[in-house]
Amino acid sequence: MASAMLSLASACPSASLSAHENLKVKLKPGSASLSFNKEKSNLFINTKSSGRISMVAVVNASRFEGVTMAPPDPILGVSEAFKADTHESKLNLGVGAYRTEELQPYVLNVVKKAENLMVERGENKEYLPIEGLAAFNKVTAELLFGADNPVIKQQRVATVQGLSGTGSLRLAAALIERYFPGAKVLISSPTWGNHKNIFNDARVPWSEYRYYDPKTVGLDFEGMLADIKAAPEGSFVLLHGCAHNPTGIDPTPEQWEKIADVIQEKNHIAFFDVAYQGFASGSLDGDAASVRLFAARGMEILVAQSYSKNLGLYAERIGAINVVCSSADAAARVKSQLKRLARPMYSNPPIHGARIVANVVGDPSLFNEWKAEMEMMAGRIKNVRQKLYDYLSAKDKSGKDWSFILKQIGMFSFTGLNKTQTENMTNKWRVYMTKDGRISLAGLSLAKCEYLADAIVDSFHNVS
Amino acid sequence: MRPQFTPPDAHSIASPSSPFSASDRRLNALARHLVDASPAMDSQNPNYTVSASPTSGFHADSVFAHVVRAPEDPILGVTVAYNKDPSPVKLNLGVGAYRTEEGKPLVLNVVRRAEQQIVNDRARVKEYLPIVGLADFNKLSAKLILGADSPAIQENRVTTVECLSGTGSLRVGGEFLARHYHQRTIYIPQPTWGNHPKVFTMAGLSVKTYRYYDPATRGLNFQGLLEDLGSAPSGAIVLLHACAHNPTGVDPTVQQWEQIRQLMRSKALLPFFDSAYQGFASGSLDADAQSVRMFVADGGECLVAQSYAKNMGLYGERVGALSIVCKTADVASRVESQVKLVIRPMYSNPPIHGASIVATILKDRDMYNEWTIELKAMADRIISMRHQLFDALRAKGTPGDWSHIIKQIGMFTFTGLNSEQVAFMTREYHIYMTSDGRISMAGLSTRTIPHLTDAIHAAVTGVV
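The listed protein sequences correspond, in order, to chains A and B. Numbering (full-length UniProt numbering) for the first sequence: 1 to 464. Numbering (full-length UniProt numbering) for the second sequence: 1 to 464.
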């Protein structure tokens, strides 16, 4: 296991005075290879060394000499590589951050308005409660479930402000580890690259369920159901509420019903990651349909939310973990335990993003303005999909069906390009994307669609 | 379909800190009757138990039935209790948040200025920060704590990453050490901030204590400290409060720090500084950083967690930094890459707002000067409260030596009151403080000192 290797490495702090050998050890395929230093002699461990020698050892050797260089993050590292590239034609389709047609970052008008209001009001900067801003928690649960939803009226939802999607997922993972020890989380194959890291660090075991079918470039629904059914009873099933990342392929409403059936049958617990509510279709309610379907069945579910994309609040780190329980009492207890997990992680969450969301969602005119801006963003992505599809169909003489670009939903498209082809995209065409073949359409402009189509056609047909 | 109940086999576990109560045993018996017997159901199995909150009864229909209600956080819970109290004379001396003479939270003028500038800046965007946070902020924070001319900075041997205030910096540093450092024990002073043991335990370290506070003198148990650090295993991590020890306010003298440093270096003990009050303790940023700089000056390695919660009044923005001072630039860069692997699955990247405020202030000479003046004013007001309380207790003839009130440093005074006396003061005088007798001087004013004096007097003379 990787962690065992790391601990072995750090158990042998180097003394730079002695010669050491470098050993490269490959673990399982796909994992990072590690190198660690094997010492011939080690002045630290020899407790009989005289005071003078250990003083010299203290001065000369780092306690962290054995620490190896970690590889760059597969997603965030793409942007770093893009920044370093000096070619004019470069295109960043890596991280899912929305860009305007001019390929500029976009701060929503409602966000600017909310911030101005906040500064005018001159609010204080006192610590939030561990569970976060009460006004934010209220509106975020209402946004997700609908203000009239019985789960809200019956106070059955434990909502805790979290550090965007990642932080909310991590709190939930910590809850699972503590209260459902040994329970597995089932994650889709493929899924967002950071999901596995989150569960690994939280020490929650995971396994994959089939999801993406490369043959149809669509959903392997039978495989998905079979794998969820085969999992041990009481597993957690991680589902993307809408706009699956990285594939953009979502189940249909009928398929969601069947997924819910299987989950109930096996006493599994649905765990939704909702990072694109409003962004996928342009409709906040529409994009919450899957979550609401499960809640309507009386199922207990976990839902992580993020406002990074739909409110463009990426760097403010604002999201929430919601746990729908069968009783208000259970929700209160669960909330208290989520707090207990947050306190030793960061004590209490940051206020700024929470206030922005509370102000936008809580004010009817700002809320309507937000909906319009979101429709605009989702609309631009749909237009770009169409244009890319048109160019691909025109330029690709092989007759390959590119219509999956139009069927996929949300910010991303799973192109079906493999690792080598992706490298060609980057090395030859300066198109930066993640190695799994995912492109962020939010980073594509109409003006660049033709260039991208050329790159994709070339990579697909001329590189294997 | 009904909400499902997950039988308490592998999933049930008592809340780690709650003992087996009579109701637990009753519920265990109940549960045994409800589910099939299996080896895991053996009541002798320490992993098998079912607990429910005292108020809930037993909910057979929730997968969270076994989740008990956690008690309120001991420190933050004081404010929760305070808020519930309707008394007009109530006084919150619990959490360490600065209050003005009028008892109001304070946002520094320079912070408002910086924030206005940020919000008005049309070029500002909310794109994801890098995993390590805002680069300017990191550089400036390192300079602030280590000194602008620090050789360690000039030699590129310091990695600084933006984290979520002090808590986040401690947690990330602790996780890094648990994975990459050969000694997984951290020694924390007795007593220390209530959240320290939880942070380090959750990070994966084992926590031991060293003697620190001497109740007899209400000062430092220096002999005990030296003995305990002297008998710690070589290489162990040692948590040091850089200044204004929380909760006691008792700091080593410069000469004592030097002795501590020599002892620690001779045993290769790794210093991990918690710097939450730089500038707040004495009013001087440089003086309050002296302990840290002393260690860095000897060329050795250390970790430093910085918080801007108090000294810039940015509590709720969650701004802080973790600096790891390494032997070489190469080690520092490898260490940084591994710290990123800790952060990414926790919250991906840190929040931008608070860090932007800090960077704006630190890089502008006028704002920086304005800050130092406002900071000194806060520190001076606290020192004035110390003297006023001391004088008032003396004037009243309250039994005991209260000089520790003016000898102790920083936001808190360790009064020496026991938990019964504290409970008495809360009940009879509506004074809220932590049960260890710690009061936040920042929560006092000239107007409220008489009330506190009366309460202490009554507690000391009436309650044993």
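One or more hints might be untrue.
Computed list of lysine-lysine pairs in DSBU-like fashion (alpha-carbon distance at most 30 Å, straight line) [claimed, not checked]:
#, chain 1, residue 1, chain 2, residue 2
1, B, 139, B, 376
2, A, 400, A, 435
3, B, 143, B, 267
4, A, 153, A, 266
5, B, 198, A, 138
6, B, 139, B, 363
7, A, 419, A, 448
8, A, 196, B, 198
9, A, 400, A, 83
10, B, 90, A, 138
11, A, 428, A, 395
12, B, 376, A, 113
13, B, 139, A, 83
14, A, 113, B, 363
15, B, 198, A, 184
16, B, 139, A, 153
17, B, 267, A, 83
18, A, 112, B, 104
19, B, 363, A, 83
20, B, 104, A, 138
21, A, 371, A, 138
22, B, 363, A, 112
23, A, 435, A, 215
24, A, 138, B, 84
25, A, 112, B, 84
26, B, 396, B, 143
Don't read these hints as lab results, they were simulated from the structure. As the structure is a prediction and not an experimental result, all values here were calculated from the model.
Original post:
Among the hints numbered above, which are violated by the structure, and what are their numbers in rising order?
Top reply: 9, 12, 16, 17, 25 and 26
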